[in-house]
Amino acid sequence: MTRWWRRPAVVSGAASVVVLAVAITLFAAFSGSGADPEVVVERPASQQSQEAYSKAQELIASGDTTAAVAQLRVAVQLDPSNTAAQDELDRIVGDAEEPATDPDGGGSPTTTPVPVDPGVFTKPISPMSKLLPAKMAGFELGARQSAKDSANVPGSPETPGGPVSRLLWTVYDMGSEAAAKDFIAKNTKTTFAADGGSVSVDGVTGYYGTDGTRFAVVVYTRGRYVFEVVGTVLTGTPGDGKGLVVTAAKAFPEKP
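Residues in the sequence shown are numbered from 29 upward in steps of one, following my numbering.
Derived by calculation from the structure, the hints in this document are not laboratory data. Model, not experiment: these values are computed from the prediction. Be aware that a few hints might be false.
[Stated by the list, open to error] Derived pair list, reagent style PhoX-like, types lysine-lysine, alpha-carbon separation capped at 25 Å:
no. : residue 1 : residue 2
1   : 83        : 214
2   : 163       : 83
3   : 214       : 151
4   : 151       : 83
5   : 209       : 278
6   : 209       : 158
7   : 158       : 283
8   : 283       : 83
9   : 209       : 83
10  : 158       : 278
11  : 278       : 214
12  : 209       : 151
13  : 158       : 83
14  : 278       : 151
15  : 83        : 278
16  : 278       : 163
Construct the entire structure; sequences and hints are all you get.
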């Protein structure tokens, strides 16, 4: 999105949150190698960022710009100094948002977009952290982290011992409703293909799934925004945390 401002550098104290937030996506991208998600987390963020950027270039060459944008977002989140990834992301998203014009060069849009989800969720929201939960019963929320097109906040149980040892709420501004839906269809449902099914989050239909090993997710869209919460289940099966992860998804505010 050409209009975006340059994302400030992430403070070192929250760097581990970013790595955890994107490690799952990176795991899906490189699952063919058989790598464990924990190995991905332990590699330097700059290396992971460059790998995501390289993967994005391959996707661009193949014509899959939606998946490429997702990889570029990962690259920038991992390493804000990766200017190549940031510039490529700005170029792709910015080009997608340019209005179509008449062939005669008159400059008037050929179509007038009709928002499917009217209201604030069709417009840019700043800071993105306004879309994150303020609290959740039984969990202590950590430091919020906000960038130009995403924000996240982690949560740890106040009393350890339950099925879910960690929650991570993330919201993404995908630029359009279509891009938001594509993100779930092409990324979330691929990464979390096991146990997949529909769930209701305050009247909104969302998707629930697991990676079959350790992580469970609930994700849904409101306009151009993707709302996602990932639970880490260290004991039992990922499905054991379904009820809690669905409840966690309801902690997102209904409006900024």
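A quick look at each hint next to the structure:
1. 83 <-> 214: 15 Å, holds
2. 163 <-> 83: Given that 25 Å is the threshold and the Cα spacing comes to 36 Å, the pair is violated.
3. 214 <-> 151: Roughly 23 Å separates the two Cα atoms, so the pair holds.
4. 151 <-> 83: 29 Å, violated
5. 209 <-> 278: 19 Å, holds
6. 209 <-> 158: 21 Å, holds
7. 158 <-> 283: Measuring from Cα to Cα gives roughly 9 Å; hence the hint holds.
8. 283 <-> 83: Given that 25 Å is the threshold and the Cα spacing comes to 35 Å, the pair is violated.
9. 209 <-> 83: 21 Å, holds
10. 158 <-> 278: Measuring from Cα to Cα gives roughly 15 Å; hence the hint holds.
11. 278 <-> 214: Holds, because 23 Å separates the two Cα atoms, which is no more than 25 Å.
12. 209 <-> 151: OK: residue 209 and residue 151 at ~16 Å, within 25 Å.
13. 158 <-> 83: Given pair residue 158, residue 83 is violated - Cα atoms ~31 Å apart, limit 25 Å.
14. 278 <-> 151: Within the cut-off at roughly 22 Å; holds.
15. 83 <-> 278: It is violated: about 33 Å lies between the C-alpha atoms, which goes past 25 Å.
16. 278 <-> 163: 11 Å, holds
Of the numbered hints listed earlier, those contradicted by the structure are 2, 4, 8, 13 and 15.
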